[in-house]
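S.K.: Residues per chain, in single letters:
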Amino acid sequence: MLIVDEHAMHVISTAVGMYDIMERKVTLVESLEKKRAPFPDMGAIYVLEPTAQSVRTLIADFTTTPTTKPLYGKAVFLYFLGRLPDNLLEEIKGCKELLKRLKSLVEINIDFLVIEERAFTFDLRYAFSSFYLRQGSAPAELVIAQKLVTVCGTLNEYPHIRYKSESGVCNSLASLFKLKMDEFVAQNPSWWYHGGPQKKDQAAMKERGTLLLLDRADDPLSPLMHDFTYQAMVHDLLQMEGDKITVQNDAGKETDVLLDEKDAVWVELRGKHIAAVIETLSNRIREIMNSSTGSALATKSGNSEGGNLSLSQMAAALKALPEYQEVLSKLSQHMHLSHQCMDSFTAQSLLELAELEQTLATGKDEDGRSPKLNDVMDRTEKLIVKMKTVPDKLRLVLIATIACNGLRSQDKRRLIAAADLSGRDVRTLEALEILGQSTVNDNDKNRTIAGLPGYVRLFVRSSTFEAKCSSRAI
Amino acid sequence: MSNDELSMEDYPSVTPMPTPSASQAGRSNSSNNARSSRKASGAAASARKTVGASSKWAANSASSGGSGGGKRSGGPVNFTGARNMVFMIGGMCYPEMRVAREVMESESREIILGSTAFLSANDFIEDLGKLADQKR
Numbered sequence: 002m003l004i005v006d007e008h009a010m011h012v013i014s015t016a017v018g019m020y021d022i023m024e025r026k027v028t029l030v031e032s033l034e035k036k037r038a039p040f041p042d043m044g045a046i047y048v049l050e051p052t053a054q055s056v057r058t059l060i061a062d063f064t065t066t067p068t069t070k071p072l073y074g075k076a077v078f079l080y081f082l083g084r085l086p087d088n089l090l091e092e093i094k095g096c097k098e099l100l101k102r103l104k105s106l107v108e109i110n111i112d113f114l115v116i117e118e119r120a121f122t123f124d125l126r127y128a129f130s131s132f133y134l135r136q137g138s139a140p141a142e143l144v145i146a147q148k149l150v151t152v153c154g155t156l157n158e159y160p161h162i163r164y165k166s167e168s169g170v171c172n173s174l175a176s177l178f179k180l181k182m183d184e185f186v187a188q189n190p191s192w193w194y195h196g197g198p199q200k201k202d203q204a205a206m207k208e209r210g211t212l213l214l215l216d217r218a219d220d221p222l223s224p225l226m227h228d229f230t231y232q233a234m235v236h237d238l239l240q241m242e243g244d245k246i247t248v249q250n251d252a253g254k255e256t257d258v259l260l261d262e263k264d265a266v267w268v269e270l271r272g273k274h275i276a277a278v279i280e281t282l283s284n285r286i287r288e289i290m291n292s293s294t295g296s297a298l299a300t301k302s303g304n305s306e307g308g309n310l311s312l313s314q315m316a317a318a319l320k321a322l323p324e325y326q327e328v329l330s331k332l333s334q335h336m337h338l339s340h341q342c343m344d345s346f347t348a349q350s351l352l353e354l355a356e357l358e359q360t361l362a363t364g365k366d367e368d369g370r371s372p373k374l375n376d377v378m379d380r381t382e383k384l385i386v387k388m389k390t391v392p393d394k395l396r397l398v399l400i401a402t403i404a405c406n407g408l409r410s411q412d413k414r415r416l417i418a419a420a421d422l423s424g425r426d427v428r429t430l431e432a433l434e435i436l437g438q439s440t441v442n443d444n445d446k447n448r449t450i451a452g453l454p455g456y457v458r459l460f461v462r463s464s465t466f467e468a469k470c471s472s473r474a475i
Numbered sequence: 005m006s007n008d009e010l011s012m013e014d015y016p017s018v019t020p021m022p023t024p025s026a027s028q029a030g031r032s033n034s035s036n037n038a039r040s041s042r043k044a045s046g047a048a049a050s051a052r053k054t055v056g057a058s059s060k061w062a063a064n065s066a067s068s069g070g071s072g073g074g075k076r077s078g079g080p081v082n083f084t085g086a087r088n089m090v091f092m093i094g095g096m097c098y099p100e101m102r103v104a105r106e107v108m109e110s111e112s113r114e115i116i117l118g119s120t121a122f123l124s125a126n127d128f129i130e131d132l133g134k135l136a137d138q139k140r
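If you're matching them up, the sequences are chains A and B in order.
Just so we're on the same page, this note's numbering is the position in the first sequence counted from 1, plus 1.
Just so we're on the same page, this note's numbering is the position in the second sequence counted from 1, plus 4.
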């Protein structure tokens with residue numbers, strides 16, 4: 002049986018599902034923190050974070066007290082996500098009952114959550130403030146460095162390290178990481194890395210990789226902008242819980258859909274613009290309908306070919322074509338999702354908003370002209386008043402502030418008043434200063450709206466153009 | 005930054021980087037041009053694209069010319085050269101992931117993205133709010 006602590010549970014569940022675990026003959030998965038029943042005849046595998054808390058709970062499992070006996074019988078295998086501190090190792094050694102059963106103790110060095118094939122996260126949102134407040138030593142940075150070491154260990158990379166020199170947090174993280182990585186390499190002589198000296202049992206070689214450390218504070222604008230590609234829209238506009246989202250299917254029933262790498266349609270379409278997504282989905286569904294069985298159904302129910310299929314037609318199709326059920330159902334789920342996105346888009350008048358965001362970010366409006374600052378501020382104020390919720394208004398004020406590299410004092414007052422921002426909201430706006438972004442800029446010399454390099458204008462403007470296309474097509 | 009490289013001044017390395025022996029790859033992507041070394045660095049996207057370009061020299065100098073530069077293949081993408089890992093402290097957003105994927109395809113370089121967390125716009129605003137609270 003498998004026992005995991007909470008953190009290990011997250012790590013494991015992003016990588017494998019219960020089915021994969023069961024396939025490997027693990028019949029039971031338990032949570033370390035919960036009180037568990039004894040299984041004296043079973044072997045136990047523990048996957049734990051190398052923290053004092055987890056280790057002590059582990060030891061408690063095998064401590065004989067007047068009321069309890071060791072929980073598990075035959076064999077115990079311990080796997081730690083990262084480096085186990087020496088003092089904790091000593092504590093484990095001190096537990097005789099555990100030692101009797103211990104068959105292996107391995108540091109697997111996997112301390113990160115894999116969310117996509119080439120993307121990982123450490124789930125450290127709580128540490129956001131600590132990076133920028135720079136109050137003394139930042140334990141969060143050490144945590145990051147250690148986790149990064151496990152990432153590189155898993156990828157067999159001993160990377161060159163490059164980092165943004167202006168960023169304090171990048172500077173210290175770069176040195177910390179180098180320290181920890183060098184330690185790791187020294188302590189694991191059998192571990193090999195791409196671009197390093199050839200060792201036996203080594204897989205195909207690439208050159209030595211590079212790790213680039215960047216700071217969010219360099220670019221606080223990007224996460225705030227509205228993006229109209231499928232994945233970005235879904236996460237921005239719809240209610241998601243991690244990767245899961247509730248979709249209403251044709252029968253009006255609600256199902257939970259998991260948007261992850263196992264969903265081939267999602268993987269294919271997530272980076273595409275929403276208009277392209279809807280078009281692709283419609284075409285695919287139509288193709289299926291146009292196959293011989295499909296057209297038989299269509300003529301029977303009196304539908305004509307051509308045009309976008311309505312959702313009710315698809316529902317009818319689903320019922321009548323069991324062999325396509327799975328495919329159609331997946332496509333229709335995505336259809337629902339994309340329609341939901343578009344509904345939000347229309348409800349929040351995102352087209353107009355996106356237009357303004359693009360003008361703010363790039364300094365050029367849709368006709369390629371550079372509008373005057375006053376005009377843009379007027380437009381912003383008008384739009385803020387039209388918007389429905391305060392968080393959205395705050396978002397636009399933030400975008401305007403960053404894009405203009407700080408607002409003129411009178412504009413700042415104007416926009417805050419128009420958005421009716423609370424004291425806390427204003428403080429949130431001013432938190433930008435902590436990130437190094439000024440909120441006030443009364444310097445009238447060389448006043449432009451946007452300070453972003455031409456390259457970004459290209460990238461940013463193109464998504465507006467597509468947003469317009471999508472709104473006309475739908 | 006007009007020569008397709010990540011400037012050493014703005015982006016120093018911790019240990020000395022290997023020196024490029026080959027000149028810039030002829031096949032320079034048009035979108036890699038016209039980058040400035042501005043502080044705001046206009047979205048990590050621009051930095052990422054440069055990383056792809058600057059590491060081309062590593063591939064060119066070290067590899068024996070074999071799959072040179074990696075043309076975009078129709079099927080599964082064949083990655084050449086060293087991996088690039090990009091780690092963003094403070095959080096990364098989904099559009100940035102998408103851009104990275106596009107760069108991966110057009111440059112045939114493997115890019116592994118990581119961050120302390122993946123943020124949506126509202127998450128980021130929340131985090132800013134907490135930062136403001138903590139400062140008081």
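Read the hints as simulated data drawn from the structure, not as lab findings.
One should not assume that every hint holds.
[Unchecked claim] Here are the simulated lysine-lysine pairs, DSSO-like style, with alpha carbons at most 27 angstroms apart:
#1 A:LYS104 with A:LYS75
#2 A:LYS331 with A:LYS389
#3 A:LYS75 with A:LYS36
#4 A:LYS245 with B:LYS139
#5 A:LYS70 with A:LYS97
#6 A:LYS389 with B:LYS134
S.K.: Evaluate each hint against the coordinates.
M.R.: Taking the hints in turn, this is what the structure says about them:
no., hint, in the structure
1, A:LYS104 with A:LYS75, "holds (10 angstroms)"
2, A:LYS331 with A:LYS389, "violated (33 angstroms)"
3, A:LYS75 with A:LYS36, "holds (20 angstroms)"
4, A:LYS245 with B:LYS139, "violated (34 angstroms)"
5, A:LYS70 with A:LYS97, "holds (13 angstroms)"
6, A:LYS389 with B:LYS134, "holds (23 angstroms)"
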